[in-house]
Amino acid sequence: MNNGSEMRRIVTAWVIVSVIGDLLWWFLVGPHVPPGNMTTSAHWNQFDFNILAITALPVVFMVWIWLGYAVVKWRDKPGVPEPLGGEAAKASRGVQVGWITITSTVVIAAAIYGTVALIGDHGSGGGEGPNPVWAPPGAIAANTAALAGKATWSPTGNQPLVVQVIAQQWKFTYRYPAFGGMETDRLVLPVKTVVVFDVTSLDVIHDFWAYQLSVKADANPGVNNVAFANTQQTGQFMVRCDELCGIWHGAMYNSGRVLSKTAFMAWATKTEAQNAQNTAFLPPFAWTYTPDANGASGGLYPDGNVTPYSPYDVYGAKQPAS
Amino acid sequence: MTISAERPTEATAGTATPAGPRKGSSWTNRPGWMSQHLGTAIVLGFLGYLFGHWWGNYMASSYTYIANNGQNGVADFLGLLCMVIGWLLGIGALNYPILKLFGREPGEEAPAPGLSRYFRYTLDHKVVGMQYVVGVLLFLFTGGLLAMAIRTELLNPTVHIFNPGTYIEIVSEHGTIMMMMATSIVVGPLGNYLVPLMIGSRRMAFPRIEAFSFWIFSAGYLVIFSALFYGGFPTGWTGYAPLQNQAGPGMISYLFGFAVIGIGMMSAGFNILVTIVNYRAPGMTWSRVPMFVWSILATASLLTLATPVLFTAGLFGLLDHLVLTSFYVNEHGGSSYLWENLFWFFGHPEVYIMALPGFGIVAEIVPVFTRKPLFAYKVAAAGMMGVALLSFFVWQHHLFQSGINPDMRPLFMLTTELISIPTGFIYLVGMGSLYRGKMRLEVPMLFCLALYFNFLIGGITGVFLSDVPVNVTVHGSFFVLSHFHYTIMGGLVFAFMAGLYYWLPKMTGRMMNKKLGLWHFWTMFVFFNLTFFPMFIIGILGQPRRVFEYAHNLQGLNDFSSISAFCLGASFLLFFWNLMYSMIINPKKAPANPWESLGLEWQTANPVPLYNFERIPVIVTEPYRYSEPGAPAYADFGGGSAAGASTIGSSVQE
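Protein sequence lines, in the order shown, are assigned to chains A and B. With the numbering used here applied, the first sequence covers 1 to 322. With the numbering used here applied, the second sequence covers 323 to 976.
Quick caveat, the hints were computed from the structure, so don't treat them as lab data. Note that the structure is predicted; figures quoted are calculated from it, not measured. A virtual CB, placed ideally from N, CA and C, is assigned to each residue, including glycine. Keep in mind that the hints are not guaranteed to be accurate.
As the list claims (entries may be wrong) - Reference excerpt, derived from the structure (chain B facing chain A, CB under 10 Å, subset only):
1) Tyr562
2) Ser657
3) Lys694
4) Ile726
5) Asn727
6) Asp729
7) Glu739
8) Ile743
9) Val785
10) Arg867
11) Ile907
12) Pro909
13) Ala912
14) Ala953
Start from the sequences, fold in the hints, and give me the full structure.
In C-alpha cells:
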C-alpha cells in the first residue's frame with residue numbers, strides 16, 4: 001500500500017468518527033451537561049463546555065485512530081516492510097509548519113472564544129474580586145448603595161438583588177441588605193433577577209459554589225469577592241464549599257431555592273420580621289468582617305484577656321432593652 | 323575537551339575499585355560497622371530529634387503564646403530540624419564541608435565496594451540512581467496505601483470509616499507525599515543514573531551535591547511522614563493560609579518538609595543542569611543530545627528556578643507559626659493571597675517538573691521500538707524548552723475564582739492555552755515516530771503508548787479547565803482531580819514504568835520478566851482508566867475535592883471508581899512481585915543491549931565500570947539513526963575498546 005492511500009484511509013476514518021462523535025455529543029449529551037439552565041451563566045457555561053467538547057473530540061479521535069492504526073498495521077510482523085531511515089524519514093517542513101499552524105490557530109481561537117464568553121456573560125458567575133469589571137447594568141451601583149444602607153428590592157421593579165454570602169467554618173449564612181440586613185442560613189432568590197453575590201469569609205478560605213446557578217467564588221477573610229448571576233428558572237439548587245477549609249469541609253453544604261418574585265418577596269418580608277430581634281445584634285452591613293477579638297481563626301489576638309469578649313464589646317451592637 | 327576527561331583515559335574499572343580496607347579513606351566508605359552508613363544516620367537522626375525537642379521545650383515553653391495554647395511548635399520544629407541535621411551528619415553528608423571549614427583535607431572518597439555502598443553516602447551517580455529507585459518506590463508505596471484508604475472512605479456517601487479529622491489527614495498526606503515523590507520519580511533514579519552515561523561523561527559535575535540531594539530527599543520523607551504523628555495537617559498538599567496558620571503542629575512537618583525536599587530539588591536540579599551543559603562528550607552538540615537528556619535539562623531548569631520560591635514560601639509559613647510573624651495573616655497586614663501566589667508560582671512549573679521527564683522517556687524509547695529515527699528532533703527539543711518557559715507564566719489559572727484582578731483572567735487563560743502548542747509538539751513527534759515504523763510491542767513500548775493515550779485525556783481536559791467560564795463549574799471538583807491524575811499518573815508514572823522496564827536491564831544487569839510485565843501493564847492501564855475516568859463525570863456532577871460526604875446519586879460512580887482503584891493497587895503489587903522475582907528470586911542475566919538500542923548508555927560495558935567509559939567517546943553523528951544502512955555509529959570509542967562499543971551500533975543496523 002502506498003503512503004497516499006494509507007493516509008486517505010486514516011483521514012476518512014477520522015472524519016467519519018469525528019462527525020458522528022460530535023453529533024452524538026451535541027444532540028445527546030450536550031443538553032444534559034451541567035450546570036443546566038437555571039441562570040444565564042449556567043446556560044452559557046454549558047454552551048461553552050459543549051463547544052470545547054466538540055472541538056476536543058476530533059483531536060482525541062485523531063490520536064486514538066492514529067495509535068490504533070499504528071499498533072495494527074505498523075508493527076513488527078511478517079510482511080511489514082522495513083521502516084525508512086535517514087533522509088527519507090525526516091519530518092518534512094510542510095508537516096511541521098502545518099501542525100504548528102493548525103494547533104496554534106485552534107488554541108488561540110479557543111482563548112479568544114473563552115474571553116468573549118467570559119466578558120459577554122459578566123464574568124460567567126466566577127468571583128471577580130472586590131472591583132468587578134464585567135457587571136450587568138446597575139449591579140455595581142446597587143452594590144454600592146447596599147454598603148451605604150440604601151439597598152432596596154421590590155418584585156415589580158428590575159433592580160438587582162444584593163446578597164452577601166458569609167462563609168465560616170463550617171457553614172454559609174446569607175445577608176440581605178435590602179431586607180434590613182437580615183442574616184439567614186438559607187439562600188432564597190427571586191427568578192428573572194440579577195443577583196449580586198458579595199462573598200466573604202470570617203476565618204479561612206472557603207469557596208461558595210452554587211452548583212446549578214453556576215456561581216463559584218472563593219470566600220477570603222477580609223476580602224469581598226463579587227460574582228453575578230441572572231436567575232432564569234425557579235427550583236432548588238445545591239451550595240457546597242469548594243475549597244478545603246478544615247476537617248468538616250466535606251459537610252459544608254446546604255441547598256437553596258429560586259422562587260417566583262412574589263413568593264420571594266413574601267418569604268423575605270416574613271423572614272425579616274421573624275429575624276428582627278437577632279438582626280439587631282448584628283454589626284452593620286459591610287463588605288467584610290474582621291474576625292472578632294476572641295479570635296475567630298483560632299486566637300490570633302493573644303492579648304492576654306482570658307474572659308471572652310461579648311458581642312457588645314466586639315461589634316458595638318445595642319444592648320436589647322430588658 | 324570536556325572536564326570529564328580529567329582521569330587518564332587508560333584507567334580501567336579494575337584499578338578504580340581496589341578491594342579491602344584503604345588507608346586514609348573517609349568515614350563514609352570505610353568497610354565494616356565502624357563507619358558512617360544508614361545505621362549511623364538513623365541513630366544520629368533520632369538523637370538529633372530528641373535533642374532538638376528538648377532544646378525547644380527548654381527555650382520556648384515560657385513564651386506567652388506557647389504557655390497559653392499549650393502547643394510548643396518551636397520544640398516540634400527544632401526536633402525536626404535537628405533530626406535532619408543528625409541524619410545528614412550520620413550519613414556523612416557534612417564531613418567534607420566541615421573538614422574544609424577547618425582547613426583539613428578529606429580522605430579518599432571513592433565508593434566503598436560491595437553492596438554496602440548503597441547504604442552509604444556514595445558519590446557514584448549510578449549508586450545514587452539506584453538509591454533513588456528504592457527511595458521513590460517507598461514514597462510511591464506510602465502514597466498509594468493512603469490512596470486506598472481514601473477510596474475506601476468514599477465507598478459510601480454517609481457511612482464513614484474514618485472520622486473527618488483522620489480523613490483529611492490522609493488526603494493531605496497522600497497529596498503531599500505523592501507530589502514530593504513525583505518531583506523526583508524520574509529525575510532522581512533515571513536522571514542521575516543515565517544522564518552521565520547518555521552524554522558520555524564519567525561523572526556528575528558535583529557528585530557530593532548529587533549524593534546530598536538523595537539523602538536530604540530521604541530526610542524529607544521522614545519529615546513529611548512525621549506529620550502523621552503530630553495529628554496531620556488539614557490543608558491538602560496546597561497548604562492554603564489562613565487554614566495553614568490555624569493548623570496544629572502537623573503543619574510544621576508540611577512546611578519544613580517542603581523546605582527540606584526543596585533543598586533536595588534545588589541541589590539535584592543545579593547539579594544536573596551544570597552536568598548537562600558542561601560535561602557532554604566531545605562532539606555532542608546540542609543537536610546530538612538524546613531527547614531524554616533534553617527533557618531532564620528542561621526539568622532541571624525548572625527545579626533550579628521554581629523551587630526557591632517554594633522554599634521561601636515555606637520559610638514564611640514557618641515564621642508565621644513559630645515567631646508569630648504575619649506574612650499570611652490578613653488581619654495583621656499580611657495576605658493569604660501571598661501564599662496562594664508564591665505556592666502556585668512554584669506549583670505550576672512543578673506540574674511540568676512532573677510531566678517533562680515523561681515526555682523525554684517516551685521520545686527516547688519510541689524510536690528504539692519502532693526502529694525509526696525520532697520524528698522532528700528539533701521540534702521535540704523546542705517543545706520541551708517551550709513548555710518549561712511558558713510554565714512560569716500560567717500560575718494564576720489556579721486562582722481564577724479566588725478574587726484576583728478580573729482582567730488578569732483572560733491573560734492567564736491565553737497563556738495557559740498557549741502551553742498546549744509546545745505540548746502538541748510532543749504529540750507530533752510521537753505520532754510521526756510511529757508512522758510506518760515496525761513497532762515491537764515490548765513492555766516499555768506499551769507503557770509509552772499508554773502515556774500518549776492517557777496524557778491526551780489529561781491534556782485536553784486541561785484546556786477545559788483553562789477556559790474561565792467552564793472553570794466556574796469544574797474548578798476544585800473531582801474533574802480537576804481526575805485531570806491531574808491523568809497527567810501525573812497517566813503520564814509520568816506510566817513513563818517511569820516504561821523507563822524502569824527499559825533501563826533496569828542496564829542498571830541491574832537483569833531482565834524484568836516479560837509475562838509478569840504484560841500482566842502488570844494491562845491491569846495498570848485498564849484499571850487506571852476505570853478508576854479515574856469516572857471521576858471526570860463525578861466532578862461535572864458536582865462533587866468537590868477532598869470531601870468525605872457526597873450526594874447519594876453519585877455513590878454508584880464512586881463505588882465503581884473505588885473498586886477499580888483497589889484493582890489498580892493490586893496491579894502495583896504485581897509490579898513489586900515482578901521486581902522481586904526478576905531481580906532477586908529468579909534473576910535472568912540481561913543481554914548487553916536487549917532492545918538493540920543505539921543509545922550511548924547501552925554501549926558501555928555491563929555492569930557499568932566505576933568511571934563509566936574506559937575512553938571518553940567522541941560523538942560523531944545524530945542520535946536515533948535507526949534503519950539507515952551505512953550510517954556511522956553514534957559514538958566513536960577509539961580503537962579496540964573492551965566493550966566493543968562502536969561495533970554494537972553498526973551491528974544493530976543489519
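Against the structure, the hints:
1. Tyr562: holds, 5 Å
2. Ser657: holds, 9 Å
3. Lys694: Interface hint status for Lys694 of chain B: holds (5 Å vs cutoff 10 Å).
4. Ile726: Result: holds, 6 Å to nearest chain A Cβ.
5. Asn727: holds, 6 Å
6. Asp729: holds, 6 Å
7. Glu739: Because about 5 Å separates Glu739 of chain B from the closest Cβ in chain A, which is inside the 10 Å limit, the hint holds.
8. Ile743: Ile743 of chain B check passes; min Cβ-Cβ to chain A is 5 Å, inside 10 Å.
9. Val785: holds, 7 Å
10. Arg867: holds, 7 Å
11. Ile907: Check failed: Cβ of Ile907 of chain B comes no nearer than 30 Å to chain A, outside 10 Å.
12. Pro909: With a closest approach of 27 Å, the Pro909 of chain B hint is violated.
13. Ala912: Check failed: Cβ of Ala912 of chain B comes no nearer than 20 Å to chain A, outside 10 Å.
14. Ala953: Holds - the Cβ of Ala953 of chain B comes within 10 Å of chain A, reaching about 7 Å at its closest.
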